[in-house]
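Protein chains in written order, with the working numbering: chain A, 1 to 153; chain B, 1 to 271.
Among these hints, one or two may not hold up.
[Stated by the list, open to error] Label pairs and their computed distance ranges (CB to CB):
| # | chain 1 | residue 1 | chain 2 | residue 2 | range |
| --- | --- | --- | --- | --- | --- |
| 1 | B | 23 | A | 115 | 31 to 41 Å |
| 2 | B | 38 | A | 29 | 37 to 47 Å |
| 3 | B | 16 | A | 71 | 20 to 30 Å |
| 4 | B | 43 | A | 29 | 22 to 32 Å |
| 5 | A | 30 | B | 45 | 16 to 26 Å |
| 6 | B | 86 | A | 41 | 32 to 42 Å |
| 7 | A | 30 | B | 241 | 41 to 51 Å |
| 8 | A | 92 | B | 38 | 37 to 47 Å |
| 9 | A | 30 | B | 221 | 52 to 62 Å |
| 10 | A | 16 | B | 54 | 11 to 21 Å |
| 11 | A | 32 | B | 199 | 56 to 66 Å |
| 12 | A | 14 | B | 249 | 45 to 55 Å |
| 13 | B | 65 | A | 80 | 34 to 44 Å |
| 14 | B | 54 | A | 130 | 28 to 38 Å |
Since the hints were made in silico from the structure, they are not lab data.
Predicted model, so just to flag it, every value in this text is computed and none were measured.
Every residue, glycine too, gets a C-beta built ideally from N, C-alpha and C.
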Amino acid sequence: MTQVSITVNGTRHDVDVEPRQLLVYFLREQLGLTGTNVGCDTSSCGACTVLVDGESVKSCNVLAVQADGAEVTTIEGLASGDELHPVQQAFREQHGLQCGFCTPGFVMAAVSLLREHPSPTEEEIRIGLEGNLCRCTGYHNIVRAVQAAAGAA
Amino acid sequence: MIPAPFEYARARSLEEAIELLADEEARPLAGGHSLLPVMRLRLSQPSLLVDIAGLGDLRYVREDGDRVAIGALARHADLERDPVLRASCPILAQTAAEIGDPQVRHRGTIGGSVAHGDPASDLPTVLLTLDADVVVHGPDGERVMPAAEFFTGPFETALRRQELVTELRVPKVADGVYVKFARRAQDWATVAVAAARVGGRVAVGLTSMGPTPLRARGVEEALAGGASPGDAAARAAEGASPSSDQAGSADYRRHLAQVLTKRALEQLGPG
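With the rest of the complex left out, here is chain B:
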């Protein structure tokens, strides 16, 4: 399967990339591991790909006060190995290591995963759970928004035309786990659950349980009220709207969300 024809341009700076994206049908290209598969299936036919992979100054992980700043072009394999992230926000390094397979992690980027807006993606759920900020740049400069405002629908985000995700800012969170169920390494998560202690509370997020990554607010409330992991996990599917597909029915996913939430909370342990 070959993508439909498109024009191709390499951006030499962020400003140039933003300028090149003026065409409504243009799309940015980083690792290409979300975009190229849909282009090959002709589900997406951009007129122009603006290759931003050469913007090396967007590939970093660094401490930023009480947070960690991650450049949009940091690859999953970078996150997996990064000593700062492994020490300061291990759940993100652990989750990166569970994306796809080594070949995918060598190419795929965190910015691409976030901008793609797939509710079955792993990193967006963790960013939502951690109350991370998404930094975007466009013709009008920089905007910073919480992950909860960024993910607006299936493959839909708050990105405006010509805007690019440039950085993710996550709090330093020592305790967090991501429990993922997929039938093969290459499959999307049938369901996955993130659980982390953020600011003295346990936050819980869900993958593949609705049109965007979701917070399991019922579970969080139950835990704040002193419920056991098992009792809290029973509320995991409250408010979720999973779909049915080859990997599982909506009912199966609701069940799985409870099972995986209990496992995640048990792994997280008492604070």
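Bound conformation, chain A alone:
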């Protein structure tokens, strides 16, 4: 076991983890934060996207020990109380989800994208979200949601 100190959604966790434990399972099973989904399990689909020190990563392909000392943000950490994060609000208003399984990953990828490119073009949004797959193929409204969030932010 290896001792790590990982801050998740503002709360610091000093815990022992097995080195082979993946960050996504640390979040889901050890912390009970099941908003982050496991989709393809091969770092293709992006459903497990979280922020590590503000940047999007696929948490199925990062070891928990690699997040030692880092600040992790999951979908549960975006809203302030009852007030949704602007990207969450935009997904709701623009119907940026169908079955919803890919949504936490898309929202986190979009938050990271808007931090790097606060006013992206439609093309930049599509390219910026290329790491996330929606099996319902609801991409148009996802792009509209990110455009709306960029306008609101």
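Based on these hints, arrange chain B on the given structure of chain A.
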């Protein structure tokens, strides 16, 4: 899919990392975006991972005379954004931006990509095309070798036991393009072509066309002899030995290499 159990150690210095790598089954871990997927598939089962991600002094891009020096821990996203690289060797910044997707580029490192030795990787082809040097450190100190000597086979490199890639040195090259064909962002290049003007000549490199990144010497010769982009590109698959897989057959790849080489040469334009 969970990797098989392994021991884990964090290196606090390059020297300590080299020491920890004494175990034959130990592997260095940087971003983990090449290594962890193969460990999860149990294609690789190291006994010990030596985490070098904390060696922050290996994460840099800086001018070094007529070259640019890139630390092994520079991430793809760093290269994509770096003002020095964008000004002095734009092909490398452009290529970094085409690796995987944003999440992958936030973690993956140039040193990891080079050390992994995958002939389907993008940066190794560009480094080979630019005649870049690979700097490695091991128990006996530093060795510097041209990229052409570094990539020796599929997932095989000139790295000896306990050696780590520490720096890449690339010439300042104003004109260069990387043209990549992949079916999805997450896929490896089915084929990709790098073309750059290096030292007054056009150099051309190929991804996914053999056991290592390759130079398209036939194309280079043809261009040096005054051939048009179309005529030169017809020689793109000479000497290549692509494999067949889900993304395409060997014949398809040979065809694609010609098409993409022509596009790359046209984008590069006359000197």
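(message) Is 34 to 44 Å respected by the C-beta to C-beta distance linking residue 65 of chain B and residue 80 of chain A?
(response) violated (51 Å)
A range of 52 to 62 Å was offered for this pair. Does it hold for the Cβ distance of residue 30 of chain A and residue 221 of chain B?
The hinted range 52 to 62 Å holds for residue 30 of chain A and residue 221 of chain B, with Cβ atoms some 59 Å apart.
Q. Per the hint of 37 to 47 Å, is the separation of the Cβ atoms of residue 38 of chain B and residue 29 of chain A within bounds?
A. violated (24 Å)
- Between residue 16 of chain A and residue 54 of chain B, does the C-beta distance stay in 11 to 21 Å? Between residue 16 of chain A and residue 54 of chain B, where Cβ atoms are some 19 Å apart, the hint holds.
**Q.** Outcome for the supplied range 22 to 32 Å, where the beta carbon pair is residue 43 of chain B and residue 29 of chain A
**A.** Since residue 43 of chain B and residue 29 of chain A have Cβ atoms about 25 Å apart, the given range 22 to 32 Å holds.
Task: Satisfaction of the hinted span 45 to 55 Å by the C-beta atoms belonging to residue 14 of chain A and residue 249 of chain B - done: holds (53 Å)
Pairwise beta carbon distance, residue 54 of chain B to residue 130 of chain A, judged against the given window 28 to 38 Å:
This hint holds: roughly 30 Å between Cβ atoms.
Quick check: does the Cβ-Cβ distance between residue 23 of chain B and residue 115 of chain A fall within 31 to 41 Å?
holds (40 Å)
(message) If I claimed the Cβ atoms of residue 86 of chain B and residue 41 of chain A lie 32 to 42 Å apart, would that claim hold in this structure?
(response) Check passed, 35 Å falls within 32 to 42 Å.
*Okay, residue 30 of chain A versus residue 241 of chain B on CB: inside 41 to 51 Å?*
The hinted range 41 to 51 Å holds for residue 30 of chain A and residue 241 of chain B, with Cβ atoms some 47 Å apart.
Do the beta carbons of residue 30 of chain A and residue 45 of chain B sit within 16 to 26 Å of each other? Taking Cβ atoms as reference, residue 30 of chain A and residue 45 of chain B lie about 24 Å apart, which means the hint holds.
Quiz item: At the C-beta level, are residue 16 of chain B and residue 71 of chain A separated by a distance inside 20 to 30 Å?
Solution: holds (26 Å)
Hints 2, 13, counting from the list given before, are not met by this structure.
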